[in-house]
Amino acid sequence: MYDHQCQVCGVRLETRDGYYSEAAHIQGLGKPHDGPDEISNLLCLCPNHHVQFDFFAIYIDDEFVVRRTSDDKEIGRLHRHEEHGISPKRLKHHRRFCGLPG
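Take 1 as the starting number for the sequence shown in the UniProt record's numbering and just add one per residue.
Treat the hints as calculated values from the structure; they're not laboratory data.
Every value quoted in this text rests on a predicted model; they were computed, and no experiment measured them.
Cβ coordinates follow ideal geometry from the N, Cα and C atoms, glycine included.
Accuracy of the hints is not assured; some may be wrong.
To be verified - Heads up, simulated BS3-like pairs for lysine-lysine below, C-alpha to C-alpha not over 27 Å straight-line:
1. Lys89 x Lys73
2. Lys89 x Lys31
3. Lys92 x Lys73
4. Lys31 x Lys92
To be verified - What follows is a set of in silico ranges between Cβ atoms, one per label pair, in the way DEER data are often shown:
5. Glu14 x Ser70: 29 to 37 Å
6. Pro101 x His4: 31 to 39 Å
7. Glu74 x Arg16: 20 to 28 Å
8. Leu29 x Glu83: 21 to 29 Å
9. Arg96 x Asp37: 31 to 39 Å
10. Ile39 x Asp71: 13 to 21 Å
11. Pro88 x Arg16: 35 to 43 Å
12. Glu74 x Asp17: 28 to 36 Å
13. Thr15 x Pro101: 36 to 44 Å
14. Asp61 x Pro32: 16 to 24 Å
15. Asp37 x Asp3: 36 to 44 Å
16. Ser70 x Pro32: 37 to 45 Å
17. Gly18 x Ala57: 26 to 34 Å
18. Glu38 x Asp71: 29 to 37 Å
Please put together the full structure from these sequences, using the hints given.
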């Protein structure tokens, strides 16, 4: 859907064998998050933004703006494919773990 292009920064990381990206769960699988393994709970990210997202250094607001958790500074807008229905409920869950109201 995103052809290995990071939804945050747009980078396509090229390797010898092609391009590389990571599927990041918005609401993590397993305890304590118990998120589902479905497309509405996934983002296509580069390794750097995947780590920042998983460790709650960045979050996505209700307008799909990517922000830095430490100071709410806007990093950019999340690239979205029209067929990718991202769950607002999962984004809210992630924001709560960032220490935000949701």
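Verification of the supplied hints:
no., hint, result
1, Lys89 x Lys73, "22 Å, holds"
2, Lys89 x Lys31, "17 Å, holds"
3, Lys92 x Lys73, "18 Å, holds"
4, Lys31 x Lys92, "17 Å, holds"
5, Glu14 x Ser70: 29 to 37 Å, "31 Å, holds"
6, Pro101 x His4: 31 to 39 Å, "34 Å, holds"
7, Glu74 x Arg16: 20 to 28 Å, "35 Å, violated"
8, Leu29 x Glu83: 21 to 29 Å, "23 Å, holds"
9, Arg96 x Asp37: 31 to 39 Å, "20 Å, violated"
10, Ile39 x Asp71: 13 to 21 Å, "31 Å, violated"
11, Pro88 x Arg16: 35 to 43 Å, "39 Å, holds"
12, Glu74 x Asp17: 28 to 36 Å, "35 Å, holds"
13, Thr15 x Pro101: 36 to 44 Å, "40 Å, holds"
14, Asp61 x Pro32: 16 to 24 Å, "23 Å, holds"
15, Asp37 x Asp3: 36 to 44 Å, "22 Å, violated"
16, Ser70 x Pro32: 37 to 45 Å, "23 Å, violated"
17, Gly18 x Ala57: 26 to 34 Å, "28 Å, holds"
18, Glu38 x Asp71: 29 to 37 Å, "32 Å, holds"
The structure fails hints 7, 9, 10, 15 and 16 (numbered hints given earlier, in ascending order).
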